[in-house]
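Asker: Top to bottom, those sequences are chains E and H. Residues are numbered in my numbering as their position in the first sequence, beginning at 1, plus a constant of 68. Residues are numbered in my numbering as their position in the second sequence, beginning at 1, plus a constant of 68.
Because the hints were derived from the structure by calculation, they are not lab data. Misleading hints may appear alongside valid ones.
Repeated chains share a single entry, so a pair holds when one copy, or any two copies, can fit it.
[What the hints assert, rightly or not] Heads up, simulated DMTMM-like pairs for lysine to aspartate or glutamate below, C-alpha to C-alpha not over 25 Å straight-line: (1) K428 to D281; (2) K428 to D356; (3) K428 to E242; (4) K186 to D174; (5) K239 to D223; (6) K95 to D322; (7) K153 to E293; (8) K384 to D467; (9) K296 to E105; (10) K269 to D356; (11) K296 to D271; (12) K436 to E114; (13) K269 to D232; (14) K148 to D346; (15) K186 to E330; (16) K523 to D281; (17) K98 to D264; (18) K360 to E178; (19) K229 to E255; (20) K359 to D302; (21) K347 to D138.
Protein chains: 2
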Amino acid sequence: MDEEKESTATKVASIDPEKILGYIRKKDRKALLTVFEIVPNIDIAEAVEGFEPADLLYIFRAVPSEITADFFDELSSDAKESLIKAMTDKELVDIINEQYADDVADTLTELPANLASKVLRAASKDMRKDINTLLQYAEGTAGALMTTEYLEFIDTTPVFKVIDEIRAKGKDAETIYTLFVRNKQREFVGTAGLDDLIFAKADETLGDIMNRDVVSCHTATDQEEVAKMFRRYDLNAMAVLNADNRLVGVITVDDVMDVMVEEQQEDLARLTNMEPTDKPYMELSAWDNAKKCIPWLIALLILGTFVTMVLDRIEKSKIFTALPMLIAFVPTLMDTGGNAGAQTTGLMIRGLAVDDFGPKDVLKVLWKEFRSALIIAGIVSCFAFFWITIEQYTGIVSDAENFPGVNIWSGNCWSMEFFTHVLKNSALISITMGVAVLFSKTIGTLLPLGAAAIKKDPALLSQPMLTTIMDVATLCIFLLMAMTFFPNFA
Amino acid sequence: MDEEKESTATKVASIDPEKILGYIRKKDRKALLTVFEIVPNIDIAEAVEGFEPADLLYIFRAVPSEITADFFDELSSDAKESLIKAMTDKELVDIINEQYADDVADTLTELPANLASKVLRAASKDMRKDINTLLQYAEGTAGALMTTEYLEFIDTTPVFKVIDEIRAKGKDAETIYTLFVRNKQREFVGTAGLDDLIFAKADETLGDIMNRDVVSCHTATDQEEVAKMFRRYDLNAMAVLNADNRLVGVITVDDVMDVMVEEQQEDLARLTNMEPTDKPYMELSAWDNAKKCIPWLIALLILGTFVTMVLDRIEKSKIFTALPMLIAFVPTLMDTGGNAGAQTTGLMIRGLAVDDFGPKDVLKVLWKEFRSALIIAGIVSCFAFFWITIEQYTGIVSDAENFPGVNIWSGNCWSMEFFTHVLKNSALISITMGVAVLFSKTIGTLLPLGAAAIKKDPALLSQPMLTTIMDVATLCIFLLMAMTFFPNFA
Chain E
69 MDEEKESTAT KVASIDPEKI LGYIRKKDRK ALLTVFEIVP NIDIAEAVEG FEPADLLYIF
129 RAVPSEITAD FFDELSSDAK ESLIKAMTDK ELVDIINEQY ADDVADTLTE LPANLASKVL
189 RAASKDMRKD INTLLQYAEG TAGALMTTEY LEFIDTTPVF KVIDEIRAKG KDAETIYTLF
249 VRNKQREFVG TAGLDDLIFA KADETLGDIM NRDVVSCHTA TDQEEVAKMF RRYDLNAMAV
309 LNADNRLVGV ITVDDVMDVM VEEQQEDLAR LTNMEPTDKP YMELSAWDNA KKCIPWLIAL
369 LILGTFVTMV LDRIEKSKIF TALPMLIAFV PTLMDTGGNA GAQTTGLMIR GLAVDDFGPK
429 DVLKVLWKEF RSALIIAGIV SCFAFFWITI EQYTGIVSDA ENFPGVNIWS GNCWSMEFFT
489 HVLKNSALIS ITMGVAVLFS KTIGTLLPLG AAAIKKDPAL LSQPMLTTIM DVATLCIFLL
549 MAMTFFPNFA
Chain H
69 MDEEKESTAT KVASIDPEKI LGYIRKKDRK ALLTVFEIVP NIDIAEAVEG FEPADLLYIF
129 RAVPSEITAD FFDELSSDAK ESLIKAMTDK ELVDIINEQY ADDVADTLTE LPANLASKVL
189 RAASKDMRKD INTLLQYAEG TAGALMTTEY LEFIDTTPVF KVIDEIRAKG KDAETIYTLF
249 VRNKQREFVG TAGLDDLIFA KADETLGDIM NRDVVSCHTA TDQEEVAKMF RRYDLNAMAV
309 LNADNRLVGV ITVDDVMDVM VEEQQEDLAR LTNMEPTDKP YMELSAWDNA KKCIPWLIAL
369 LILGTFVTMV LDRIEKSKIF TALPMLIAFV PTLMDTGGNA GAQTTGLMIR GLAVDDFGPK
429 DVLKVLWKEF RSALIIAGIV SCFAFFWITI EQYTGIVSDA ENFPGVNIWS GNCWSMEFFT
489 HVLKNSALIS ITMGVAVLFS KTIGTLLPLG AAAIKKDPAL LSQPMLTTIM DVATLCIFLL
549 MAMTFFPNFA
């Protein structure tokens with residue numbers, strides 16, 4: 069079914085690994101060139117995944133390096149490694165220097181030391197300088213995300229000259245759709261789109277046609293912040309400045325799309341109590357996977373000690389010994405409280421992620437959540453009251469000590485005494501639930517906003533802390549309510 | 069703190085609503101023009117949020133419509149409404165026809181009927197046709213996302229002519245960085261970047277320089293699929309074809325970034341058991357918010373009936389009546405099982421979202437998760453055994469019936485009998501936990517993959533169903549294990 073969907077969705081020429089292998093074995097250079105002409109690099113890279121290194125190497129020997137350089141970048145780290153091992157120094161020089169410095173820098177961080185230095189030796193002096201610049205920035209910052217290959221012009225350059233210069237040196241830049249403009253003092257002053265150039269009159273200068281209302285970031289800006297700015301301002305490329313406001317790099321929209329998915333995957337992982345990873349699932353070993361899960365499960369287990377302790381005490385309290393049936397509602401109460409809180413935590417994490425609000429809006433947000441929690445608690449409590457009454461009349465739960473075997477099936481349930489007892493239980497549980505929902509939505513608002521206020525990832529601790537706090541709180545509320553409702557047992 | 073961060077992160081000219089209001093009141097047309105020159109539209113739109121309609125209207129009267137058209141599009145729906153009400157027909161004609169048809173179509177869906185028809189009357193005949201085309205596609209499809217304003221050329225057109233044509237009509241297109249190429253039979257055959265044009269020789273035709281390895285989609289393609297393709301192929305724009313493979317529209321990367329965030333927000337909402345919404349949090353009323361939460365809480369409450377029923381039975385079983393202390397571990401067992409399953413469900417939802425694997429890989433994925441579940445169950449169980457032993461010795465929980473007041477603080481805990489009893493309890497609980505983790509990770513793999521196999525949103529039902537199934541399963545496993553461990557009580 070999936071393949072069917074693919075075929076109506078995309079118009080990519082279909083590609084058969086066997087066919088490519090056939091071309092390689094027959095040394096059919098022309099057929100290989102055609103493949104590269106009609107099939108996107110990433111699709112070829114996926115098709116050749118699992119080929120022998122020798123077969124893979126033939127592709128690079130048969131097809132010119134200006135075509136295979138981008139293809140090389142799409143290969144898996146394993147394939148890259150075996151190729152770098154197998155290539156001669158000359159071949160590596162061709163492939164590496166056709167690539168963008170930021171892609172080579174990314175590859176380097178995944179390679180073992182001996183291969184990394186083989187790659188660095190192959191890189192030209194200019195590229196080596198660019199790579200070293202890029203590698204000095206911390207992961208997750210604009211500096212690490214940017215490319216050093218872009219087009220920069222002085223604002224006094226006439227438009228016709230700019231076009232000539234683009235023709236001369238544009239092919240090395242990662243984007244030529246956005247031109248970056250500086251003044252004589254080397255300060256970044258604006259950008260011009262390639263379209264502005266097309267529509268400009270020949271005697272205008274870049275300074276005349278450039279946009280001055282441009283957004284830029286610094287090398288240390290967080291990549292999540294960068295992604296937000298791209299989306300807010302509909303950018304194709306953004307300038308990255310150093311502390312002196314000089315242009316040192318450029319971020320392009322394709323890299324930002326990857327950041328957006330990365331950040332989203334991180335939030336999802338955190339919400340399900342896992343350590344995030346940027347490796348694709350299929351490349352994770354069972355042990356890698358386990359390592360991301362175990363610390364959280366053990367931490368939650370330890371936090372759960374409080375719940376065990378409180379429940380052990382409550383169970384043995386006079387009131388719950390007399391009415392053990394009530395204990396059967398503990399998971400439902402905990403789950404409802406937990407779910408209600410998780411909804412709010414989720415809303416907060418999402419709102420913070422897209423800048424709908426910030427920590428400074430805490431009062432406004434709290435007030436809004438509180439009002440909606442009142443509505444929710446009211447409606448859910450009313451429903452619970454009704455539902456729990458049914459549960460007792462139908463014998464889904466039963467008070468074996470006080471009303472053994474009393475339910476509608478035995479027909480002995482129509483006494484006023486049973487009716488009052490049932491309603492009292494329903495009221496106790498539904499009111500406890502309402503209070504738990506209110507409390508949980510309040511905590512669920514405060515935890516993520518608090519985390520954001522102290523610049524921590526709001527998804528990191530909110531969910532597990534909420535669960536533990538709510539489990540304990542629900543039990544305490546339940547005990548207090550029960551003591552109020554059944555004072556003769558307390 | 070947030071403002072400080074902003075100021076180092078962005079180089080946007082800062083904007084003060086009071087200042088703009090001052091310019092309006094002083095009717096300082098020139099100052100307003102300067103604002104539009106140096107500040108991005110979305111920042112101005114946020115600054116004027118809350119201005120009186122009359123003040124807002126002055127902006128549109130003072131600044132030419134080719135400048136304010138994009139600004140209009142960034143305003144909130146309320147501001148748009150009051151402006152449309154206040155504008156003369158002539159003013160509306162100017163503003164509407166300077167906009168892109170897809171933006172006007174989006175605005176229309178948010179307006180009350182009388183204002184929507186005022187806008188449609190203002191639109192030119194061409195734009196009205198475009199809007200009607202766009203409105204016929206279902207929300208969430210490529211058809212609804214695309215723009216109808218793009219540049220299309222025949223493949224035999226010489227490059228120099230293309231540049232002239234762009235100069236003549238390019239300003240109306242949403243992107244001129246990607247040119248779309250068709251053949252004489254009106255079939256879409258490829259794309260050419262504006263950069264390809266710049267580097268082309270003058271006697272080449274579009275057919276000579278265009279890329280043939282292009283990806284495209286159909287009007288009915290799901291927008292999530294479109295976003296994946298943009299990311300996979302690093303696109304700036306993508307062709308949308310009809311059933312006859314003719315180009316009917318174009319999707320640009322800025323719209324795709326919004327889709328990516330929308331889809332991410334949807335997944336996060338679903339994971340926290342809420343109905344997704346595409347309205348910003350601050351625009352939701354408390355009641356809107358409650359409506360998204362209540363159905364899920366009630367559904368989960370009803371599902372929880374099974375848990376209540378089983379727990380009520382188990383509590384009253386001979387074995388748990390004899391060892392009530394064990395009940396205190398029920399929440400911990402349920403939470404650990406639920407958390408372990410949620411981790412796996414999360415991994416599945418993320419993997420499916422980025423196409424790391426699909427439903428067809430179910431066996432491979434299941435095997436991988438099962439191996440990692442074995443490791444996790446082993447390590448977590450061992451830790452739990454150790455931890456629960458400590459809990460019993462320190463009196464965090466106590467077996468009041470059989471060993472009242474026995475713990476290290478009373479010093480009376482060094483009998484062999486207590487030691488055996490404690491270890492037996494620890495073994496019972498930790499083995500139950502291990503089995504629950506294994507079971508939960510298996511179910512957590514199958515639910516989302518099953519949902520994806522029948523083309524349902526894997527995040528929709530996986531999490532609540534997992535919780536319910538696991539709560540009931542954990543209780544049953546616990547009962548069976550207890551009967552095995554304490555046969556004399558069973």
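Asker: All hints are to be evaluated individually against the structure, with a verdict given for each.
Answerer: Cross-check of the supplied hints:
no. : hint         : in the structure
1   : K428 to D281 : neither (27 Å within a copy, 49 Å between copies)
2   : K428 to D356 : between (39 Å within a copy, 23 Å between copies)
3   : K428 to E242 : neither (39 Å within a copy, 37 Å between copies)
4   : K186 to D174 : within (15 Å within a copy, 54 Å between copies)
5   : K239 to D223 : both (21 Å within a copy, 23 Å between copies)
6   : K95 to D322  : neither (35 Å within a copy, 43 Å between copies)
7   : K153 to E293 : neither (38 Å within a copy, 37 Å between copies)
8   : K384 to D467 : both (17 Å within a copy, 10 Å between copies)
9   : K296 to E105 : between (35 Å within a copy, 22 Å between copies)
10  : K269 to D356 : neither (59 Å within a copy, 53 Å between copies)
11  : K296 to D271 : neither (37 Å within a copy, 43 Å between copies)
12  : K436 to E114 : between (49 Å within a copy, 21 Å between copies)
13  : K269 to D232 : both (15 Å within a copy, 13 Å between copies)
14  : K148 to D346 : within (18 Å within a copy, 42 Å between copies)
15  : K186 to E330 : neither (30 Å within a copy, 43 Å between copies)
16  : K523 to D281 : neither (29 Å within a copy, 45 Å between copies)
17  : K98 to D264  : between (40 Å within a copy, 23 Å between copies)
18  : K360 to E178 : within (20 Å within a copy, 44 Å between copies)
19  : K229 to E255 : within (21 Å within a copy, 37 Å between copies)
20  : K359 to D302 : neither (39 Å within a copy, 33 Å between copies)
21  : K347 to D138 : within (21 Å within a copy, 40 Å between copies)
Violation of the numbered hints given earlier is confined to hints 1, 3, 6, 7, 10, 11, 15, 16 and 20; the remaining hints are satisfied by the structure.
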